[in-house]
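Here the protein sequences come in this chain order: A, B and C. Going by my numbering, the first sequence opens with residue 154, and the numbers climb by one from there. Going by my numbering, the second sequence opens with residue 28, and the numbers climb by one from there. Going by my numbering, the third sequence opens with residue 18, and the numbers climb by one from there.
One or more hints might be untrue.
Below are the DSSO-like pairs computed for lysine-lysine, each with C-alpha atoms no more than 27 Å apart in a straight line [claimed, not checked]:
#1 C:209 to C:43
#2 C:347 to C:43
#3 C:267 to C:347
#4 C:213 to C:353
#5 B:259 to C:219
#6 C:353 to C:118
#7 B:198 to A:348
#8 B:259 to C:118
#9 C:43 to B:259
#10 B:259 to C:116
#11 B:259 to A:449
#12 B:198 to B:217
#13 A:269 to B:198
#14 B:259 to C:347
#15 C:333 to C:256
#16 B:259 to A:269
Since the hints were made in silico from the structure, they are not lab data.
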Amino acid sequence: MVESSRTASRSRAVIGESQHLLFSVAPGALWIFVFLVLPSLYLMAVAFMTNGPYGLPQMPLTLDSFEQLAGFGFLGWSPGNLYTLLRSLWQTLIATVLVVMVAYPIAYYITTCRVKWRAIMLLLVVVPSWTNQVIRTFGWMNLLAPGTPLSDLAQWLGVIPPNMGLYPSNFAVTLGLVYNFLPFMVLPLYAAFEKLDTAQVQAAQDLYASPMRTFWHAVFPQTLPGLLAGTVLVAIPAFGMYVIPELLGGGKGMMLGNLVANQFAGGSNWPLGAAGAILMLIATFIGLFAMRRIGKRLGGGEEVVI
Amino acid sequence: MKKRTLQRGLSGFWWLTLVFLYLPLAVVVFFSFNAANSAARFTGFSLRWYERLLGNEQIISAFWNSMVLAIVSSVLALVIGCLIGYGMYRHRHRKLGWLIVLIYLPIVLPDIVFGISEMAFFVSIHRYTGLLQPGLLTMIISHVTFQIPFVALIVYSRLVGLDPTLFEAAKDLYATPFKRAWHFLLPTIKPALISAFFLSFTLSIDDFVISFFTSGPESATLPIYIWGAIKKGVTPEINAIAALMIGAVAIAALMSLLFNRQGQR
Amino acid sequence: MKTMTTIATALGSLLLVASVQAQENKLYLFNWTQYMDPEIITAFEEKYDVEVVQNYYNSLPEMFAKLNTGGVSQYDIIVPSNYYVPRLIETGLVQKLDKSKIPNLDNVMEQFDDPSYDEGAVYSAPYQWGVSGLVYNAATFPDAPKSWSLMFDPDVNPSHPFALMGDGQVNMGVACAYLGHGYDCTGVDAWKESAKLLLETKNRERFSGFVDGTPSLQQLARGVSHVAMTYNGDYLFYKDENPESFENIKFMIPDEGTEKWVDVMMIPSKAPNAEMAHNFINFILDAEVGAQLSNYNYYASPNEAAKPHLDEVLTKPPVQPSEDDMERLKFTPSLKGQQLQTFTQLWNEVQSR
């Protein structure tokens with residue numbers, strides 16, 4: 154008797170809790186489901202539709218758009234899209250590596266400064282990203298155009314031919330990507346450095362003679378979670394970037410994001426654009442999954458926070 | 028000895044990075060005062076490009092659109108995201124994997140996929156129902172979608188950082204859940220709410236791609252206007268609008284610095 | 018509490034502002050950039066007590082995409098070029114004109130009464146016509162040949178940056194013209210050859226981008242490029258606005274031939290204010306307004322009645338090309354179906370490699 158009434162009150166509590174969960178979580182979950190999950194599913198469905206005479210999706214269902222994405226068309230196979238894919242991967246890789254090379258020492262340096270300066274230094278790193286990315290990219294357009302001091306310098310050094318500017322070029326795209334994503338790497342790395350266990354470093358310094366080995370064995374593994382988090386924050390949006398290649402690439406730097414956007418904003422082929430979006434999603438999830446695996450294996454069991 | 032050279036090298040690298048970060052913005056501001064229409068030569072100080080802005084109705088309406096979009100979407104996202112954040116905290120011992128996936132989805136989805144999904148979706152909804160015509164409303168909906176997760180995560184992490192006994196005490200003090208929420212919960216997480224609002228606002232102002240694909244004829248925001256102007260050919264007027272936006276950001280940065288200082292004291 | 022109320026009030030008033038804005042009597046005009054005299058808009062607004070909302074595009078693909086993504090029910094007037102007219106009609110994006118509401122159609126020159134792109138001019142009324150040509154810096158190329166070789170031959174321009182057009186079909190056309198297939202070529206073999214030329218050209222070190230007709234002029238004035246493509250009217254417009262910067266910039270119609278085009282006014286099929294759109298077309302076709310328009314944007318007028326009011330510059334080259342040049346001008350072909358997809362594949366290839 155006593156037993157059953159306790160179960161009853163517990164089950165009522167469980168119902169109350171469930172209701173609570175429903176009321177607190179449902180509006181947001183529903184919002185994201187209706188306005189993001191459904192649209193994404195719809196976009197995926199578009200990828201399996203036929204391209205109409207003027208680029209709009211039509212029935213019947215087909216795999217044509219994936220064939221086109223792979224480069225097969227009326228004129229046989231052509232490598233254009235493969236170039237675009239490889240260029241996107243290459244730009245993402247280079248930009249991420251460069252961002253790490255700049256962000257790593259910067260994040261470390263900030264942790265070595267006095268506490269009261271750190272917040273200001275972090276703010277200084279983050280503030281440029283508060284302006285719109287179109288404006289930031291526009292700044293580089295101004296800075297790298299032909300006839301500007303930087304372009305003149307590059308000409309004098311023989312890096313670029315006479316009369317040309319550093320923009321438009323693939324180099325400008327890389328630079329724009331590094332500029333755009335630097336703060337996303339500095340912040341998680343800074344968090345990792347701040348948590349750094351100095352006792353471990355001390356012990357390592359006693360154990361191994363060279364600073365190099367101390368770094369690799371005691372410092373680097375501890376910063377790995379931050380590094381991986383930063384890589385996710387940089388690489389995924391860089392891979393799908395649209396604005397920077399469009400403005401700074403000058404027709405030579407087309408990336409996957411541009412291929413996808415052109416099918417919609419240029420009005421030529423929705424199913425192909427949707428298929429490109431699926432490819433981008435697959436790459437994104439593979440990247441996330443790989444980062445998690447590596448993070449779990451190397452990060453000493455610590456979960457990578459993204 | 029060695030350590031000092033390292034430190035000095037790092038300090039030099041830090042200043043170089045600062046130059047790298049601020050040079051493009053400085054150039055925009057500098058040339059917005061250029062008398063000549065040139066990005067290469069500075070021929071003299073002039074405010075003529077700013078004067079042109081004042082008379083440009085499109086820029087003024089773009090400015091208002093940006094503001095309406097950022098404020099309305101941030102407020103909506105604050106309410107919805109706060110609820111989710113609290114729900115996640117209250118039920119953190121349950122298996123909520125699906126919710127975590129749902130919340131991370133807007134964060135990890137590339138901008139461009141996000142934008143075109145929304146666009147294609149809104150277009151087909153409009154075709155069949157006549158609702159959700161591209162414009163400010165569709166832009167607000169899209170912005171709220173990508174702001175919710177950030178608000179939820181900020182609120183959640185603030186709640187996790189609190190002492191759990193506080194909640195017990197609040198239960199004894201206030202009878203109804205609403206009173207508890209109003210007198211205890213909201214004041215406690217106020218700092219988190221403020222920073223969540225500012226983050227949402229910044230995210231909205233910073234967004235271009237998603238706005239671009241969901242906008243209508245009368246809902247162009249400043250970034251969309253600037254994009255159009257760049258596409259039309261770089262004119263010094265863009266320097267002037269961009270310089271104004273950079274100025275606003277600089278003021279916001281100073282304010283957050285002061286705010287931070289006061290918080291520390 | 019107080020902040021909450023403030024936020025709520027602010028939110029409410031903002032939404033109110035947004036909803037009030039949407040209710041007024043308006044005409045939505047979707048037009049090329051730098052193509053409309055603001056004074057004409059003011060005059061129209063006063064005459065019909067309506068507010069004109071203008072939006073702009075730099076290329077036809079952009080316009081077409083916007084129309085497909087909701088624009089069809091949001092714009093009252095669009096101004097596409099001839100080769101996009103058939104696809105707008107076939108996709109049902111535009112409506113037939115009610116000619117009884119446009120008495121000024123009588124002012125239009127005879128040759129525009131039954132154009133090849135819209136037989137019987139059922140859906141469209143002409144706005145302006147013009148030429149896409151080569152524009153270059155004469156200080157860099159004092160002895161420029163009257164030929165597309167300035168763009169496509171690395172020996173003629175070995176050392177200066179140049180830009181191709183943003184619109185793929187125009188690029189393909191001029192490449193065809195340079196190779197001797199004529200600007201309006203459509204054969205797969207000719208296209209393949211042209212695409213190959215475009216690809217080689219774009220991969221030259223001095224290539225500086227695919228730039229639409231209006232911005233390419235700004236790039237020339239700023240020295241970002243020294244050879245590009247643009248429209249005759251835009252060239253004169255900017256030259257007049259900024260004579261110093263454009264002192265050495267010259268426009269030419271290459272001997273291999275190039276594009277002539279007609280921009281027409283059309284009404285989207287679900288235009289919110291089709292009635293006012295007819296009024297607008299009629300207003301533009303008025304003799305004096307038509308002349309004012311041409312005098313403003315430096316494009317040739319299709320309006321016979323406007324002739325006496327035109328400035329002198331509009332009666333001579335490059336606005337009215339010489340008879341020799343006129344023979345070498347061709348319309349851009351209207352593509353559809355497999356032909357369009359073949360072209361798209363080739364153009365995509367040029368862009369991405």
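request  = Would you check the hint for residue 43 (chain C) and residue 259 (chain B), treating anything up to 27 Å between C-alpha atoms as holding?
outcome  = holds, 25 Å
key: Hinted pair residue 353 (chain C) and residue 118 (chain C), Cα distance within 27 Å   = violated, 32 Å
key: Pairwise hint evaluation, residue 217 (chain B) against residue 198 (chain B), where the allowed Cα distance is 27 Å at most   = Distance of about 19 Å is within 27 Å: holds.
task = Measure nothing beyond the straight line between the CA atoms of residue 333 (chain C) and residue 256 (chain C); if it is 27 Å or shorter, mark the hint as holding.
result = Within the cut-off at roughly 16 Å; holds.
query = CA of residue 259 (chain B) to CA of residue 449 (chain A), is that 27 Å or under?
reply = Distance of about 49 Å is beyond 27 Å: violated.
request  = For the pair we were handed, residue 259 (chain B) and residue 347 (chain C), check the Cα-Cα distance against 27 Å.
outcome  = holds, 26 Å
inquiry  = Would the hint linking residue 347 (chain C) and residue 43 (chain C) be met if the CA-CA limit is 27 Å?
reply    = Violated: residue 347 (chain C) and residue 43 (chain C) sit about 37 Å apart, past 27 Å.
ask   = Are the Cα atoms of residue 259 (chain B) and residue 219 (chain C) separated by 27 Å or less?
value = holds, 21 Å
request  = For the pair we were handed, residue 269 (chain A) and residue 198 (chain B), check the Cα-Cα distance against 27 Å.
outcome  = violated, 38 Å
task = For the pair we were handed, residue 198 (chain B) and residue 348 (chain A), check the Cα-Cα distance against 27 Å.
result = Cα-Cα ~35 Å, so violated.
request  = Starting from residue 259 (chain B), check that the Cα of residue 118 (chain C) is at most 27 Å away, please.
outcome  = violated, 34 Å
task = Compare the distance between the alpha carbons of residue 267 (chain C) and residue 347 (chain C) with 27 Å, and conclude whether the hinted pair is satisfied.
result = Roughly 21 Å between the alpha carbons, so the hint for residue 267 (chain C) and residue 347 (chain C) holds.
Comparing the model with each numbered hint stated earlier shows that hints 1, 2, 6, 7, 8, 10, 11, 13, 16 do not hold.
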